[in-house]
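K.L.:
These protein sequence lines map, in sequence, to chains A and B. Just so you know, we're using the working numbering here: the first sequence kicks off at -14 and counts up by one. Just so you know, we're using the working numbering here: the second sequence kicks off at 972 and counts up by one.
Mixed in with the good hints, there may be bad ones.
[Unchecked claim] Only pairs whose alpha carbons sit at most 27 Å apart, straight line, appear in this in silico DSS-like list of lysine-lysine: (1) A:K27 <-> B:K1076; (2) B:K1014 <-> B:K1076; (3) B:K1047 <-> B:K1014; (4) B:K1014 <-> A:K92; (5) B:K1023 <-> B:K1047; (6) B:K1036 <-> A:K92; (7) A:K24 <-> B:K1036; (8) B:K1036 <-> B:K1047; (9) B:K1076 <-> A:K24; (10) B:K1014 <-> A:K24; (11) B:K1076 <-> B:K1023; (12) A:K24 <-> A:K92; (13) A:K30 <-> A:K92; (14) B:K1036 <-> B:K1076; (15) A:K92 <-> B:K1047; (16) B:K1023 <-> B:K1036; (17) B:K1076 <-> A:K92; (18) A:K92 <-> A:K27; (19) A:K30 <-> B:K1047; (20) B:K1047 <-> B:K1076.
Derived from the structure by calculation, the hints contain no laboratory data.
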Amino acid sequence: DIQMTQSPSSLSASVGDRVTITCRASQDISNYLAWFQQKPGKAPKSLIYLASSLQSGVPSRFSASGSGTYFTLTISSLQPEDFAAYYCQQYHIYPITFGLGTRLEIK
Amino acid sequence: EVLLVESGGGLVQPGGSLRLSCAASGFTFSSHWMHWVRQAPGKGLEWVANIKEDGTENYYVDSVKGRFTISRDNAKNSLYLQMNSLRVEDTALYYCARASSGTRKRLDSWGQGTLVTVSS
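Can you build the whole structure from these sequences, using the hints too?
P.N.:
This is the structure:
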């Protein structure tokens, strides 16, 4: 199975900060990488697909890049509603696998 | 608006069975691959299974192979997960999720989940 390693596992930041979360795949997944946001008690929400494509309706302060085994998600200017957990997911090869998540907390 | 509503969760003893359902609306259900993804309490996301638009193809994570069966009824716009030989480690919130049109594995919409608790 492809292992997805996210870092950091948790992050404290302030409103207005720029933050970056990284995700590494244990083998080449091309650009079959997605990012999800999950708020407490809520279902995950799709943010990014194909490594860098923004899902419809997602604010432009979210951006992502990468290919192969190294990927990043950047939030350019944190807003109060962005404090949540973020998960990367590879969908290149079965089984589909997720990273363990990054918890973004208010400093 | 895409709406996915899961049901069927509950408390079951180890070794028992449970059938989850997901009612879909707001889109052409028969045109999308569908998935089950679970999340153990306080843990991350784990993909469980998916099924092709017409139900003729499916895939599972190894930990549930031979115990869980994914199925669908396109006439009823419904997705199912039959779970047999349940284990304590199957305890989780089970989400139904839709794959984007024309893709097998790109998830774009999720339900709110149904909780399965396996305990004696």
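K.L.:
Is the hinted pair B:K1036 and A:K92 satisfied, with a Cα-Cα distance of at most 27 Å?
P.N.:
violated (43 Å)
K.L.:
For a C-alpha distance cap of 27 Å, please report whether A:K27 and B:K1076 respect it.
P.N.:
holds (21 Å)
K.L.:
Are B:K1023 and B:K1036 close enough, with their CA atoms no more than 27 Å apart?
P.N.:
holds (17 Å)
K.L.:
Between the alpha carbons of B:K1014 and A:K24, is the straight-line distance 27 Å or under?
P.N.:
Roughly 13 Å between the alpha carbons, so the hint for B:K1014 and A:K24 holds.
K.L.:
Below or equal to 27 Å on CA atoms is what counts here, so check B:K1047 against B:K1076.
P.N.:
holds (22 Å)
K.L.:
If you draw a straight line from the CA of A:K92 to the CA of B:K1047, is it 27 Å or shorter?
P.N.:
violated (48 Å)
K.L.:
For a C-alpha distance cap of 27 Å, please report whether B:K1014 and B:K1076 respect it.
P.N.:
holds (22 Å)
K.L.:
Quick one, are B:K1014 and A:K92 close enough, alpha carbons at most 27 Å?
P.N.:
Given pair B:K1014, A:K92 holds - Cα atoms ~23 Å apart, limit 27 Å.
K.L.:
Decide if the proposed pair is consistent with the structure: A:K30 and B:K1047, CA atoms, cutoff 27 Å inclusive.
P.N.:
Within the cut-off at roughly 25 Å; holds.
K.L.:
For B:K1076 and A:K92, compute the direct alpha-carbon distance and say whether it is at most 27 Å.
P.N.:
violated (35 Å)
K.L.:
Given the hint that A:K30 pairs with A:K92, does the C-alpha gap stay at or below 27 Å?
P.N.:
holds (23 Å)
K.L.:
Measure nothing beyond the straight line between the CA atoms of B:K1076 and A:K24; if it is 27 Å or shorter, mark the hint as holding.
P.N.:
holds (22 Å)
Comparing the model with each numbered hint stated earlier shows that hints 3, 6, 7, 15, 17 do not hold.
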